[in-house]
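**Q** Given next are the chains, with one letter for each unit.
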Amino acid sequence: MATQHSRSAARMMMAPAVVLLLGWMLVPLCMTLYFSFKKYLPLRGGDLGWVGFDNYVRFVSSSSFWPSVYATLIIVGGVLAITVVLGVLLAILLDQPMWGQGIVRMLVIAPFFVMPTVSSLVWKNMFMDPNYGLLAYLWRFFGAEPVQWMSQASLPSIVMIVSWQWLPFATLILLTAIQSLDSEQLEASEMDGAPVISRFWHIILPHLSRAITVVILIQTIFLLSIFAEIFVTTGGAFGTKTLSYLIFQRVLESQNVGLGSAGGVYAIILANIVAIFLMRIVGKNLDN
Amino acid sequence: MTFKSVIGAATALTLVAGSAALAETITIATVNNGDMIRMQGYTDDFTAKTGHTVEWVTLEENVLRQRVTTDISTKGGAFDIMTIGMYETPIWGGNGWLVALDDLSADYDAGDILPAMAGGLSHDGTLYAAPFYGESSMVMYRTDLMEKAGLEMPAAPSWSFIAKAAREMTDRDAGINGICLRGKAGWGEGGAFITAMSNSFGARWFDEDWNAQFDTREWSDTLNFFVNMMSDSGPAGYATNGFNENLSLFQQGKCGMWIDATVAASFVTNPKDSTVADSVGFALAPDNGMGVRSNWLWAWALAIPAGTQNVAAAKQFIEWATSKDYIELVAANEGWANVPPGARTSLYENANYKDVPFAQMTLDSILSADPNNSTVDPSPYVGVQFAAIPEFAGIATEVSQEFSAVYAGQQSVEDALKKAQALTNDAMEAAGYR
Amino acid sequence: MARAVTPRRRLINTILAWSIGLLIFFPILWTILTSFKPEGQAIADPPLFLFFDWTLENYAIVQERSNYARYLTNSIIISVGSTLLGILVAVPAAWSMAFVPSKRTKNILMWMLSTKMLPAVGVLYPIYILFIKMSLLDSRLGLVIVIMLINLPIIIWMLYTYFKEIPAPILEAARMDGASLRNEILYVLTPMAIPGIASTILLNIILAWNEAFWTLNLTAAKAGPLTAFIASYSSPEGLFFAKLSAASTMAIAPILILGWFSQKQLVRGLTFGAVK
Numbered sequence: 001m002a003t004q005h006s007r008s009a010a011r012m013m014m015a016p017a018v019v020l021l022l023g024w025m026l027v028p029l030c031m032t033l034y035f036s037f038k039k040y041l042p043l044r045g046g047d048l049g050w051v052g053f054d055n056y057v058r059f060v061s062s063s064s065f066w067p068s069v070y071a072t073l074i075i076v077g078g079v080l081a082i083t084v085v086l087g088v089l090l091a092i093l094l095d096q097p098m099w100g101q102g103i104v105r106m107l108v109i110a111p112f113f114v115m116p117t118v119s120s121l122v123w124k125n126m127f128m129d130p131n132y133g134l135l136a137y138l139w140r141f142f143g144a145e146p147v148q149w150m151s152q153a154s155l156p157s158i159v160m161i162v163s164w165q166w167l168p169f170a171t172l173i174l175l176t177a178i179q180s181l182d183s184e185q186l187e188a189s190e191m192d193g194a195p196v197i198s199r200f201w202h203i204i205l206p207h208l209s210r211a212i213t214v215v216i217l218i219q220t221i222f223l224l225s226i227f228a229e230i231f232v233t234t235g236g237a238f239g240t241k242t243l244s245y246l247i248f249q250r251v252l253e254s255q256n257v258g259l260g261s262a263g264g265v266y267a268i269i270l271a272n273i274v275a276i277f278l279m280r281i282v283g284k285n286l287d288n
Numbered sequence: 001m002t003f004k005s006v007i008g009a010a011t012a013l014t015l016v017a018g019s020a021a022l023a024e025t026i027t028i029a030t031v032n033n034g035d036m037i038r039m040q041g042y043t044d045d046f047t048a049k050t051g052h053t054v055e056w057v058t059l060e061e062n063v064l065r066q067r068v069t070t071d072i073s074t075k076g077g078a079f080d081i082m083t084i085g086m087y088e089t090p091i092w093g094g095n096g097w098l099v100a101l102d103d104l105s106a107d108y109d110a111g112d113i114l115p116a117m118a119g120g121l122s123h124d125g126t127l128y129a130a131p132f133y134g135e136s137s138m139v140m141y142r143t144d145l146m147e148k149a150g151l152e153m154p155a156a157p158s159w160s161f162i163a164k165a166a167r168e169m170t171d172r173d174a175g176i177n178g179i180c181l182r183g184k185a186g187w188g189e190g191g192a193f194i195t196a197m198s199n200s201f202g203a204r205w206f207d208e209d210w211n212a213q214f215d216t217r218e219w220s221d222t223l224n225f226f227v228n229m230m231s232d233s234g235p236a237g238y239a240t241n242g243f244n245e246n247l248s249l250f251q252q253g254k255c256g257m258w259i260d261a262t263v264a265a266s267f268v269t270n271p272k273d274s275t276v277a278d279s280v281g282f283a284l285a286p287d288n289g290m291g292v293r294s295n296w297l298w299a300w301a302l303a304i305p306a307g308t309q310n311v312a313a314a315k316q317f318i319e320w321a322t323s324k325d326y327i328e329l330v331a332a333n334e335g336w337a338n339v340p341p342g343a344r345t346s347l348y349e350n351a352n353y354k355d356v357p358f359a360q361m362t363l364d365s366i367l368s369a370d371p372n373n374s375t376v377d378p379s380p381y382v383g384v385q386f387a388a389i390p391e392f393a394g395i396a397t398e399v400s401q402e403f404s405a406v407y408a409g410q411q412s413v414e415d416a417l418k419k420a421q422a423l424t425n426d427a428m429e430a431a432g433y434r
Numbered sequence: 001m002a003r004a005v006t007p008r009r010r011l012i013n014t015i016l017a018w019s020i021g022l023l024i025f026f027p028i029l030w031t032i033l034t035s036f037k038p039e040g041q042a043i044a045d046p047p048l049f050l051f052f053d054w055t056l057e058n059y060a061i062v063q064e065r066s067n068y069a070r071y072l073t074n075s076i077i078i079s080v081g082s083t084l085l086g087i088l089v090a091v092p093a094a095w096s097m098a099f100v101p102s103k104r105t106k107n108i109l110m111w112m113l114s115t116k117m118l119p120a121v122g123v124l125y126p127i128y129i130l131f132i133k134m135s136l137l138d139s140r141l142g143l144v145i146v147i148m149l150i151n152l153p154i155i156i157w158m159l160y161t162y163f164k165e166i167p168a169p170i171l172e173a174a175r176m177d178g179a180s181l182r183n184e185i186l187y188v189l190t191p192m193a194i195p196g197i198a199s200t201i202l203l204n205i206i207l208a209w210n211e212a213f214w215t216l217n218l219t220a221a222k223a224g225p226l227t228a229f230i231a232s233y234s235s236p237e238g239l240f241f242a243k244l245s246a247a248s249t250m251a252i253a254p255i256l257i258l259g260w261f262s263q264k265q266l267v268r269g270l271t272f273g274a275v276k
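These protein sequences, in sequence, are chains A, Z and W. Going by our numbering, 185 is the number at position 185 of the first sequence; the sequence numbering is gapless. Going by our numbering, 348 is the number at position 348 of the second sequence; the sequence numbering is gapless. Going by our numbering, 35 is the number at position 35 of the third sequence; the sequence numbering is gapless.
If you are wondering where the hints come from, they were derived from the structure by calculation, not from laboratory data. One should not assume that every hint holds.
To be verified - Okay, derived cross-link-like pairs now, BS3-like style, lysine-lysine, Cα gap no bigger than 30 angstroms in a straight line:
1. Z:K49 x W:K222
2. A:K38 x W:K222
3. W:K133 x W:K222
When you get a sec, could you build the whole thing from the sequences and use the hints?
**A** Below you can see the structure in the form of structure tokens.
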């Protein structure tokens, strides 16, 4: 059906989106590149001249750089692992016959509608506060010393908060996928007396692989740039500075736009590595 | 009446006359502290007097800083008035980003602003921001617990006395911690406290050639003393406690002593919020016998970014909000204990205000802080709990994050100081000091 | 779909699913409950679940302090506006990618998604300066554009996967009948794609509603949406749990209700091509 006519029409129709995104990408990208080679300190009068690769060297040689890469990977990896595993289990559960399925589904998807700032504030203050938080009461009730969530378990806390936000998304996509699974196929295997575990491994999981890929792809995109959750809870203390938070610190707290821009370029490179990586697996999984 | 003040009064008159014809809307960015929220409530009074209306942008402190700094350094012009502190004012004023407040009306009586505040909010002798309220820090303690421990708080205690008293007052079974102090990361939170404290231990941020000083014995003494005292008598998890957390701990009767902002005095003595309102005493912030006390100096002030279209209306607002009349207005409605403190000399001469229990100690604390001479050894910077250079906020936030990791038991004092030394020198090098 | 199971199994499922559902929902429930407590009782030990002095004073205080209606209006305009604008740009693009695919289609899609991975804060200064130059600072229009650009890749991606599921022969049949390209999109494709478009719209309204970096940093008094409203209630002096809860409830209630009412539509298209 791809006639010459429709091809050029197609190109025309793609043009606005491509041009807009290209602009949205290129303008900031060029400006970031430009600033990254400059000594640019807004509080000291702005542009103080070219400095070559100084900013790039300084950004990676800072003692905060590798810990920030590590924190980024832990948060992204941790949240992905939790949401995918719990998402699969929850999706299977919600697919079972039960009373009030609709209401349960509403309860489960609710966290997705809560803005990150609000959920971080609520978790930090009303649940994880070591004095007045609900979790502290719970711990004390069982005679345990309340956990200092934001200092002693800072990364796990943030992973937990973010996972709570994204679990509904994963669950929904996985649930839709499960529901499309041929129930006769499942019932047949049930009849055969195939044990639950093997049914899970050999029928359900392969069927879900495509959905899991999508969940990983979409979530990674959002998780790489999480910011509010860290800003509100720890402010980057206790090893929770991710790469994008480190850039924030360089640009806004230290008011060193050049240095932060160099960090931005590194983050773009990291994002592209992830994108290529994802493209490989997703491309394979989404073809056909 | 001097010639200058006649001119001033005349200008003010024309301003008022002009404004009646031209009602403007001004946009004000401010912090969500109690006094500012109260000020928002009185906006109608300003509108009634001048005809101008006000749009408020009230933000949490960290968001506010980020927001106004971006706007002023790009000359964005999103705000007509910004609420800033003693740290930002001299830097921004020096950059020519703020409208000089050197032509305020005679009625306003700029000479009445406490000299320490006016000094901290000026650059080269020109006032760039008018203090809405000012603060120092002091010891707030529970008189009942002090008595129970058989101790008496001197008016000007030493750190060794504080540490001893803290140990004596601590009763973990009853949920009472001898002392509550800020450990939260952030240059305006735990960073401010430890810096002010380090001054009294003879430490400083930089030597006269802008070399970081965290490798000195003074800093290691400061940090070790703090950590030991807090692990003996501080609340669990103090590494994440800032002003708010400590305020509610103290109000709930869980602290024997609390060394923090003088403005907290009105909160802890307010029976509506505080369970210990009738048994709070005050003392100067401790020292270590080296001639410098550990109290800081801060003001939340109103400034006008250069380039705004509404300079006249903005000035009128500043004159209204930081005036003697505003203080009277609040006093009439909510009592003298709730007026914005620490900005004006006349407030401390007011007979009504003298009855407020913490008034004298607040004034004494403010008067004993000197931003130009805050350290034992000479230092190249201005500021007590900060150094008024653009790089400080970023550096001090990172340094205080390293310190907070010590408080949380995640690294040793030595490691933290080593990292602080390295990252400070690195950032100073990036900024071109070294 | 509904498989026959024993009542006992059904009961176990029900109990298990309800407990997990309530557990996940609990933080929101607790926030709503706390918003009706007096400040003092919000931190009571032991925590009070239902038997406290129910009050509306927190809402009254929040309402008195901030102009909720304006923040709400801004949130609605920005999220709906950016989504609709995004749909307008995305439908043709997604159509051509789905029905006239070339070798580069997948790469273009991935590239579009990768633009979402740039750390926003790195370009705050450039964008801020751009906004000043174009007089878009603190304007709803500016935010509509930025939020639209941020979410455009997701919109295109969702529409693309949805369009791809529409069988091509139907479109070809329409073309045989002499339908123009415009009519083909308007009368053949669109009706079939309505569920997908609807869920795309819903998802993007949610994402736009919750965007908190640009909406906070590019606004002052006029265009600030509910994310800016919340920023004035986080960690003020003194006790604040109840007031924070009231403000939080006000900020999330509209979108939560919208989400719940439209969950069927939302779920139907929220597959990103995951279902084959």
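**Q** Each hint: holds or not?
**A** Going down the list of hints, with the structure as the test:
1. Z:K49 x W:K222: holds, 24 angstroms
2. A:K38 x W:K222: violated, 34 angstroms
3. W:K133 x W:K222: Holds: K133 (chain W) and K222 (chain W) sit about 18 angstroms apart, inside 30 angstroms.
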